[in-house]
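For this one, chain A is given, so just place chains B, C and D on it according to the hints.
Spelled out from the first residue to the last, the chains are:
Number of protein chains: 4
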Amino acid sequence: MSEQTLWQAPVALAERLSHLRHQVWQANMDLQKHNLVTFTWGNVSGIDRESGLVVIKPSGVEYHQLSAENMVVVDLRGQVVEGTLNPSSDTATHLALYNHFPEIGGIVHTHSPQATAWAQAGRAIPALGTTHADYFYGQIACTRALSDIEIAQDYESNTGKVIIESIGDVGVMASPGILVKEHAPFTWGKNPNQAVHNAVVVEVVAGMALQTLQINADVHSINPALLDKHYLRKHGANAYYGQTNK
Amino acid sequence: MSEQTLWQAPVALAERLSHLRHQVWQANMDLQKHNLVTFTWGNVSGIDRESGLVVIKPSGVEYHQLSAENMVVVDLRGQVVEGTLNPSSDTATHLALYNHFPEIGGIVHTHSPQATAWAQAGRAIPALGTTHADYFYGQIACTRALSDIEIAQDYESNTGKVIIESIGDVGVMASPGILVKEHAPFTWGKNPNQAVHNAVVVEVVAGMALQTLQINADVHSINPALLDKHYLRKHGANAYYGQTNK
Amino acid sequence: MSEQTLWQAPVALAERLSHLRHQVWQANMDLQKHNLVTFTWGNVSGIDRESGLVVIKPSGVEYHQLSAENMVVVDLRGQVVEGTLNPSSDTATHLALYNHFPEIGGIVHTHSPQATAWAQAGRAIPALGTTHADYFYGQIACTRALSDIEIAQDYESNTGKVIIESIGDVGVMASPGILVKEHAPFTWGKNPNQAVHNAVVVEVVAGMALQTLQINADVHSINPALLDKHYLRKHGANAYYGQTNK
Amino acid sequence: MSEQTLWQAPVALAERLSHLRHQVWQANMDLQKHNLVTFTWGNVSGIDRESGLVVIKPSGVEYHQLSAENMVVVDLRGQVVEGTLNPSSDTATHLALYNHFPEIGGIVHTHSPQATAWAQAGRAIPALGTTHADYFYGQIACTRALSDIEIAQDYESNTGKVIIESIGDVGVMASPGILVKEHAPFTWGKNPNQAVHNAVVVEVVAGMALQTLQINADVHSINPALLDKHYLRKHGANAYYGQTNK
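Here the protein sequences come in this chain order: A, B, C and D.
Position 169 of the first sequence, counted from 1, bears residue number 169 in the UniProt record's numbering, the numbering being contiguous throughout.
Position 92 of the second sequence, counted from 1, bears residue number 92 in the UniProt record's numbering, the numbering being contiguous throughout.
Position 91 of the third sequence, counted from 1, bears residue number 91 in the UniProt record's numbering, the numbering being contiguous throughout.
Position 81 of the fourth sequence, counted from 1, bears residue number 81 in the UniProt record's numbering, the numbering being contiguous throughout.
Isolated chain A, as found in the complex (with noise of 0.2 Å):
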């Protein structure tokens, strides 16, 4: 709230937090349209950068009993600071990254499948195409193991950690998702909404590389030239896909 007026910064940060409670709740019910959670499987939140506030589901509620209301708020060291319910148990890890990236506006993570099954493989998956390329520029990492130690203590900042640790020169945003391994994928994005909309891609994405593996074990990653364009296109200053330009 550091640099808000006075007699201003109560009422918006009230309709901001509203908004972004909205957000965060919406974001975590997709998670279930798009078939990425087998019951509580999952978590999104968002951050409200001017005050440092993340919006967080609860801990092991059911998607029919979320609500815009009971998503729990925390502060960046993970202080509850409004809602009675416990935040997911993942929480330390999303405020990790929160605090060691401060481009990034929400983070989802899922047990989905098929990315689930390359986390555990402890694979990176691979860019086999221009799929891939239109989302990440690269391959989608997958991070060491944690060691006994960092399992023990503070797991899940730990988890974060090793996340940090495995982002690589292209930069977080432009690798909006990693494989943590023996564990699952986390995904992030400018927002809660971008980072659901790469939680979709990365399963997808894990998916088709399986079956690329299974036709042609020999297969290589793209031509860097095709992955240039098919990001560049999208995300790149020049960009010309959607209706962005107009």
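Be a bit skeptical, because a hint or two may be false.
No distinction is drawn between identical chains; accordingly, a pair holds when it is met within one copy or between any pair of copies.
Claimed, not checked - Below, a list of computed lysine-lysine pairs in the BS3-like style, where the Cα atoms sit at most 27 Å apart:
1. K234 <-> K33
2. K161 <-> K234
3. K33 <-> K161
4. K234 <-> K190
5. K33 <-> K190
6. K190 <-> K161
These are calculated hints, taken from the structure and not from any lab test.
Since the structure is predicted, the reported quantities are computational estimates derived from the model, not experimental observations.
Chains B, C and D only, in chain A's frame:
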């Protein structure tokens, strides 16, 4: 009905059985909702431990014809106590488990395709990630094959016998499901609903495990420290997943 | 119409055909409900044994345009007796089976994907578990390829001929379906509805069998004692599955 | 508009375009109905051959926001004639095909997962059974990779160019679809609806072919006599499938 006073028991039992009939019917319907059954290839039961009465699906009746009223009530020796239909042909397997394991409150049997493939392959599902570790404290075992004599005589009871033989040191509730070789999965829980929940988990985990091996045939089982962490954060004395510690 | 008295026959036949038209139409619609067909790639027929008349789906008509009224009636030589549309292009295959096997009352042909993959691979589906054994008393056979001459002349009749050749010693009703090499499955039953049921079984079992081999390439066929047990507890003289012995 | 009399042309063209807009919109919606698209990853166009005007989906617009009215009309050089939105980023690929093949009346591009896996693998889909032979008179080809220069300059036109190069001797209408290497499938037909139909066929056949190879890695392509029989009974001069000869 051993420990009830004479004038209270009949009413209380009738109410409990009515409630259990509804639970078991609902749990059977949920098998269909979760895409675990084709036709009538699945059944759920639940037990009222105080009376030792078991409510179970009738044999070979289609799901849309099921109701709380046509569930069959049997005692722990398999005698039909209430109901005009035959109980599930697998009733003796359910009873063997209820008789041996007093912790179990509900049992599910399905032929869900991915778990059945592992059962047909005669292979335990290894614990390859946290999705598995959130519910099963180690591999999902596969029984030995039944002998020809065990098949010819009391086949369904003997199916229960080989399940009981295969429960490892972690205990029946920390590994709430098993694969019967050349057959299909059985799962259980403290009530029928939890048994269905675990049937879904086994199916999802079975599919993920096959895909994991297809991506990386040399994959190892999950780090035991991570298995502990995930199982115990949901099921241990200091569990902090969900809202149960509130 | 051989054994009816002269003044009763026309009425009774009309009623039976009307009933059969409805059954066959419903069975065709059920192919779609069970996700066995893409577009018009499937057909069901049923026979009135007393008159020797067969009701079959018209060729290439979309499912939402089908009705009991536009089903086509043909005799056992393939002459259209009622109806203004062409009968299914596979009619001669259906007739070959009805003519050869008096036990059959309904026939289904689909290109359901997993069963079709086995047919294209030219491999019988081995009996790997009880799901299979509950319906098929041994493997689901795959025919030999048709010769060039058999393809050029009376192709659809010859498809029936190679199916008939491949029915093994267990008999046509104990193995109620087959894979036609490089083509797709045909199934049958005592009526159209049972033939559809068996088409679902073949598709599900085909998928399970492929996954089983992917988990364990050295798997053996099911223990014959277990095959017997499961087949006979549903279909034997002393069957005790379901409510039929009530 | 070459061969119309002056006073009729405007009215007739307006009516034809209005009809084509509706067809193209419906065909785009059908991509979703047939589960061929994730998000906006697909597009359909149709051409009015008399005027040389092409109706195509706008770029990056979600399916629920599409209408006949917001389809974009372009001429065969790619100039927007009607519409306020950007046309699909793949428009130049569509135009290359319309310009080269006068038989084509509708074109579809999707990233349907199983066909895309074959494209990413860089492999043609072999003709392994009659499902394939009912629509494609031989394999479904895969293009060569584009060169770096072809990617950098006029990428979308050059995608059309490599498709044109890969059309074999059977002709463009007897092989109504292709895989673009490292990218995804394109299909076509005499109108937009038929192009969608062929997009479904490519996806289904792609999945069947992978499973066939997993069951039998040594499988051969279909007997050419059987390929002929199935293709020609639907598409030959003496076709007898369906109701078209009535």
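- Can you tell me if K33 and K190 fall within 27 Å by alpha carbon in one copy, between copies, both or neither? within (21 Å within a copy, 30 Å between copies)
- Query: What label fits K161 with K234 when the C-alpha limit is 27 Å: within, between, both, or neither?
  - Reply: This pair counts as between: shortest inter-copy Cα distance 22 Å, intra-copy 30 Å.
- Task: Could you place K234 and K33 in one of the four classes (within, between, both, neither) given a Cα distance threshold of 27 Å?
- Result: Both: 25 Å inside a chain and 26 Å across chains, each within 27 Å.
- When no copy is named, should K33 and K161 be tagged within, between, both, or neither for a Cα gap of at most 27 Å? neither (30 Å within a copy, 39 Å between copies)
- Pop the pair K190 and K161 into one bin, within, between, both or neither, using alpha-carbon distances up to 27 Å. within (20 Å within a copy, 37 Å between copies)
- How do K234 and K190 come out at 27 Å by Cα distance, when the copy is not named: within, between, both, or neither? within (15 Å within a copy, 31 Å between copies)
In summary, the one numbered hint that this structure violates is 3.
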